[in-house]
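Q: Letter by letter, the chains look like this.
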Amino acid sequence: MNYNWNWGIFFQPNPMGTGTYLDMLLSGLALTLKTAALAWVIALITGSIVGVMRTLPSKGANWFGFAYVEFFRNMPLLVQLFLWFFVLPELLPKAAGLWLKQLPNAPFWTAAIGVGLFMSARVAVQLQAGIGSLPRGQRMAATALGLTTVQGYRYVLLPMAFRIILPPLTSEFLNTIKNTAVAITIGLLELTGQARSMQEFSFQVFEAFTAATILYLLVNAVVVTAMRFLERWVAIPGYITGK
Amino acid sequence: MIEISHVDKWYSPTFQVLTDCTTSVAKGEVVVVCGPSGSGKSTLIKCVNALEPFQKGDISIDGIKVNDTKTNLSKLRSRVGMVFQHFELFPHLKIIDNLCLAQEKVLGRAHDKAVTKGMALLERVGLKEHAQKFPAQLSGGQQQRVAIARALAMDPIAMLFDEPTSALDPEMISEVLDVMVDLAREGMTMMVVTHEMGFARKVANRVIFMDRGEIVEDAPKDDFFGKPRSDRAQKFLSKILSH
Numbered sequence: 000m001n002y003n004w005n006w007g008i009f010f011q012p013n014p015m016g017t018g019t020y021l022d023m024l025l026s027g028l029a030l031t032l033k034t035a036a037l038a039w040v041i042a043l044i045t046g047s048i049v050g051v052m053r054t055l056p057s058k059g060a061n062w063f064g065f066a067y068v069e070f071f072r073n074m075p076l077l078v079q080l081f082l083w084f085f086v087l088p089e090l091l092p093k094a095a096g097l098w099l100k101q102l103p104n105a106p107f108w109t110a111a112i113g114v115g116l117f118m119s120a121r122v123a124v125q126l127q128a129g130i131g132s133l134p135r136g137q138r139m140a141a142t143a144l145g146l147t148t149v150q151g152y153r154y155v156l157l158p159m160a161f162r163i164i165l166p167p168l169t170s171e172f173l174n175t176i177k178n179t180a181v182a183i184t185i186g187l188l189e190l191t192g193q194a195r196s197m198q199e200f201s202f203q204v205f206e207a208f209t210a211a212t213i214l215y216l217l218v219n220a221v222v223v224t225a226m227r228f229l230e231r232w233v234a235i236p237g238y239i240t241g242k
Numbered sequence: 000m001i002e003i004s005h006v007d008k009w010y011s012p013t014f015q016v017l018t019d020c021t022t023s024v025a026k027g028e029v030v031v032v033c034g035p036s037g038s039g040k041s042t043l044i045k046c047v048n049a050l051e052p053f054q055k056g057d058i059s060i061d062g063i064k065v066n067d068t069k070t071n072l073s074k075l076r077s078r079v080g081m082v083f084q085h086f087e088l089f090p091h092l093k094i095i096d097n098l099c100l101a102q103e104k105v106l107g108r109a110h111d112k113a114v115t116k117g118m119a120l121l122e123r124v125g126l127k128e129h130a131q132k133f134p135a136q137l138s139g140g141q142q143q144r145v146a147i148a149r150a151l152a153m154d155p156i157a158m159l160f161d162e163p164t165s166a167l168d169p170e171m172i173s174e175v176l177d178v179m180v181d182l183a184r185e186g187m188t189m190m191v192v193t194h195e196m197g198f199a200r201k202v203a204n205r206v207i208f209m210d211r212g213e214i215v216e217d218a219p220k221d222d223f224f225g226k227p228r229s230d231r232a233q234k235f236l237s238k239i240l241s242h
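Those protein sequence lines, which keep their order, are chains D and W.
0 is the number of the first residue of the first sequence in numbering that gives the first Met the number 0; add one for each residue after it.
0 is the number of the first residue of the second sequence in numbering that gives the first Met the number 0; add one for each residue after it.
Since the hints were made in silico from the structure, they are not lab data.
This one's a predicted model, so the numbers in the text were calculated from it and none came from an experiment.
What you were told as hints is all true, and nothing was included just to trick you.
Computed list of lysine-lysine pairs in DSS-like fashion (alpha-carbon distance at most 30 Å, straight line):
(1) D:K58 x W:K74
(2) W:K127 x W:K74
(3) D:K58 x W:K69
(4) W:K104 x D:K58
(5) W:K127 x W:K112
Derived Cβ-Cβ restraints for the label pairs, each shown as a range:
(6) D:V149 x W:A119: 25 to 33 Å
(7) W:T13 x D:T148: 25 to 33 Å
(8) D:V149 x W:D111: 22 to 30 Å
(9) W:K127 x D:R153: 24 to 32 Å
(10) W:S11 x D:V149: 29 to 37 Å
A virtual CB, placed ideally from N, CA and C, is assigned to each residue, including glycine.
Build out the structure end to end from the sequences listed, making use of the hints.
A: The following block contains the structure:
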């Protein structure tokens, strides 16, 4: 292989005039983190609502939850982003579509919301499983004490269900971070996007993607460690993996 | 206090679990419900506070109809204590918080008042020193005593017990029954599904025998143990009293 290794490339100025190549990658990392954070918030909130709906004693709510989950998890993420970014503006009334297309940071919002909704279906399924894994008597005990359905979820079912699904939720959080890389296809200059431009400007493809790989690994290692602490912090003495 | 009249319940159009059940529990009365498994006794007691729906007939507690859509079921349930076979303490809450949750969220009691009440009840069931522990750190018998205290914390007008000792190791049964006997002697209105005939002999006013979803026998305690009128009750008694 006739490759010109150059690890010093990171400290050379980039042609955009925004500092070094390293600065370019770090700005990509910042955008990745921002997108992932917003997407995860959307996934958690929407996923929790839909997950709860799937366990409510209401046929209508169950059906909505089912339809929502199947819609968002049965389509590739890439196709979903294309749908929101390229197709949706054309389907809307002209003025609304134009407004969408001219939205500043459109790729960022589309990526955050698109990845968020895609991941929310997965969060919903896990929360449903978590609630379903609780003994049926827990819901009955809450009801028998006079707690309303909302109170029963808030004080009895959800605190346990979320504890039970914390380990798989960690994986979903990591997936959210990694899935933001798909946003390169709608022009978002997140970490993968910046690594790609660095390669195009400098031809140092191995250095660029090695750096991106290490940055992804670091970020995810931080998340995994943080979630471990959280798991230990909310563990219940004497229960499953208690203190 | 509890009036059950002509209650029918179907799980499906062809599967009837309760057939024309009629009985009552007067204020201060202790009624024991027994019968072979699958006879519908647990289902019947769960219909009393509407944890299970029923299709025909009426149940009222203290003059309030359970099967009336206008009834505030949460409020009604908060006035009827219920103890389950599997305790159903909330595993993520300390013992004292298990006792305080519904007092505060349903009855709107101030936290310090709820704690005072809770501690007094824990002392009564002999578990005051365990207040700061979590349910999983207690034995089955202790957990069931906490569950009784949790129900009593709501100042119930009646107590329902659904096989409260069936999930316990033999040596823990008596500590739970002792608490229930005390409660009965203090004049609590109680409906108790149980196989503990010793308990029935000691404190029951009436014994109801159920089989295949029907109330086969509803008799004063002495009559029931002396000369049950139905063959099925006689057979049942001879089986469980032979050892």
